[in-house]
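Number of protein chains: 2
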Amino acid sequence: MPRPRKFDESAVLAAARDQFWSAGYAGTTMDAVAAATDLGKGSLYGAFGGKQELFHRVFDDYCAQAEDGVRRELTGPDEEAFARLTAHVHGIAASVAADTAHRGCLLAKGTAELAEHDPVVAARALRTFDELERLLVADIEACQRHGDLSPGADPHRLAALVLTVLRGMEALGKAGKDARFLEAVAESALAALPRP
Amino acid sequence: MPRPRKFDESAVLAAARDQFWSAGYAGTTMDAVAAATDLGKGSLYGAFGGKQELFHRVFDDYCAQAEDGVRRELTGPDEEAFARLTAHVHGIAASVAADTAHRGCLLAKGTAELAEHDPVVAARALRTFDELERLLVADIEACQRHGDLSPGADPHRLAALVLTVLRGMEALGKAGKDARFLEAVAESALAALPRP
DNA sequence: GCACTTATGGACGATTCAGTCAAGAACTGG
DNA sequence: CCAGTTCTTGACTGAATCGTCCATAAGTGC
Numbered sequence: 001m002p003r004p005r006k007f008d009e010s011a012v013l014a015a016a017r018d019q020f021w022s023a024g025y026a027g028t029t030m031d032a033v034a035a036a037t038d039l040g041k042g043s044l045y046g047a048f049g050g051k052q053e054l055f056h057r058v059f060d061d062y063c064a065q066a067e068d069g070v071r072r073e074l075t076g077p078d079e080e081a082f083a084r085l086t087a088h089v090h091g092i093a094a095s096v097a098a099d100t101a102h103r104g105c106l107l108a109k110g111t112a113e114l115a116e117h118d119p120v121v122a123a124r125a126l127r128t129f130d131e132l133e134r135l136l137v138a139d140i141e142a143c144q145r146h147g148d149l150s151p152g153a154d155p156h157r158l159a160a161l162v163l164t165v166l167r168g169m170e171a172l173g174k175a176g177k178d179a180r181f182l183e184a185v186a187e188s189a190l191a192a193l194p195r196p
Numbered sequence: 001m002p003r004p005r006k007f008d009e010s011a012v013l014a015a016a017r018d019q020f021w022s023a024g025y026a027g028t029t030m031d032a033v034a035a036a037t038d039l040g041k042g043s044l045y046g047a048f049g050g051k052q053e054l055f056h057r058v059f060d061d062y063c064a065q066a067e068d069g070v071r072r073e074l075t076g077p078d079e080e081a082f083a084r085l086t087a088h089v090h091g092i093a094a095s096v097a098a099d100t101a102h103r104g105c106l107l108a109k110g111t112a113e114l115a116e117h118d119p120v121v122a123a124r125a126l127r128t129f130d131e132l133e134r135l136l137v138a139d140i141e142a143c144q145r146h147g148d149l150s151p152g153a154d155p156h157r158l159a160a161l162v163l164t165v166l167r168g169m170e171a172l173g174k175a176g177k178d179a180r181f182l183e184a185v186a187e188s189a190l191a192a193l194p195r196p
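Which chain is which? The protein sequence lines are U and L, in order.
Sequential numbering of the first sequence, starting at 1, is according to my numbering.
Sequential numbering of the second sequence, starting at 1, is according to my numbering.
Treat the hints with care, since some could be wrong.
If several chains are the same, the list does not tell them apart, and a pair holds so long as it fits within one copy or across any two.
Stated by the list, open to error - Straight-line C-alpha distance at most 25 Å; calculated SDA-like pairs for lysine to any residue:
id, residue 1, residue 2
1, LYS51, LEU13
2, LYS6, GLN52
3, LYS51, ALA32
4, LYS6, GLU79
5, LYS6, VAL137
6, LYS41, PRO194
7, LYS41, PRO155
8, LYS51, GLU80
9, LYS6, THR100
By construction, these hints were calculated from the structure, which means they are not laboratory data.
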């Protein structure tokens, strides 16, 4: 029987994630990750394979968690679909505004830095956005069924617009646009949805 | 009288910009910049001071050019204000979609990578977005004067929404969302503006 | 408690990085 | 054509960088 690992894998991944999140991929050194996780470099390489593989793992976990969070926020009975949608949009605005350190979102940061040259990252990012879009479509369809949104509108187009607004808020929040701006955008985007 | 410079400063800055654009700040080496510009490192450091100063210069120039381009697209007589707006939004969608290499926008990439830790970059990015917003407000007000948009709507809110959609399209295009998606978003965003 | 397997941790190596420096080249005013 | 100033070249430095390696520790089935 092998010697079991002494470290908690999820804690190590969280520490690595924070390093990548703060310094970016190229700006993060494996020595820093080792120091942050209190692991020797031998253990780090033995367990995760290398910088790129570690990042892929961290990025994948982050995307999965992001999807899960949104899924929880947007799933439920039709009667509350519109409330869920407004809460989600306002919630994103609020959380972006609350990020006064402008750390932003690892999905956005990783995509901006690596999507051009790393097909694994690009594919994972695209899959995540597609899933977020799908969740929005489902919720918007629920809104239509319950009569909160115009049944004649194309739910895919509405979802695409909402997703785009959400990602734009993230980008502008990172640049320092304030809570008032973001809140106004959230309100305007919701007001732009066609009511029956 | 001093010996004049042999190189063309704007060509050197363009080559440096391409390096930073492609590899990011941390991923770019001064050796690579020197090779791309055919300059010795001594000249590079003598003329621009160092990696960070060079990036600030490149980033500032890029932002200024971006502002100028949008200013040209959105400025003109009231009668064409709405046509300018629709052309701008569709133009961004088309140019993002045409960027099949997913190089994206240096403003977005630099902001994502550096805004958190480099106040110079953060301030320049915010200033650029504010200027783009201002240009949108001016054009939307022109639309209202000419009767193409509802005069009762708050032009600042509409401009904020449009700017957010544009930055969201850039972010999603980088992740690989296709031309059909982006075009649908552009159309939906324009359709969401309140007509008189 | 022995043997076997894996984890650990830190030293090590080859490479690469940002930035410096000095010697010589190039240009112009006089 | 000379003197003075700046530009250029590329070798050099010291610090990091990624990744490897190996001796040792640790846990478990028998």
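query: Which earlier hints turn out false for this structure, listed by number in ascending order?
result: When the structure is compared with the hints, numbers 4, 5, 6, 7, 8 and 9 turn out to be violated.
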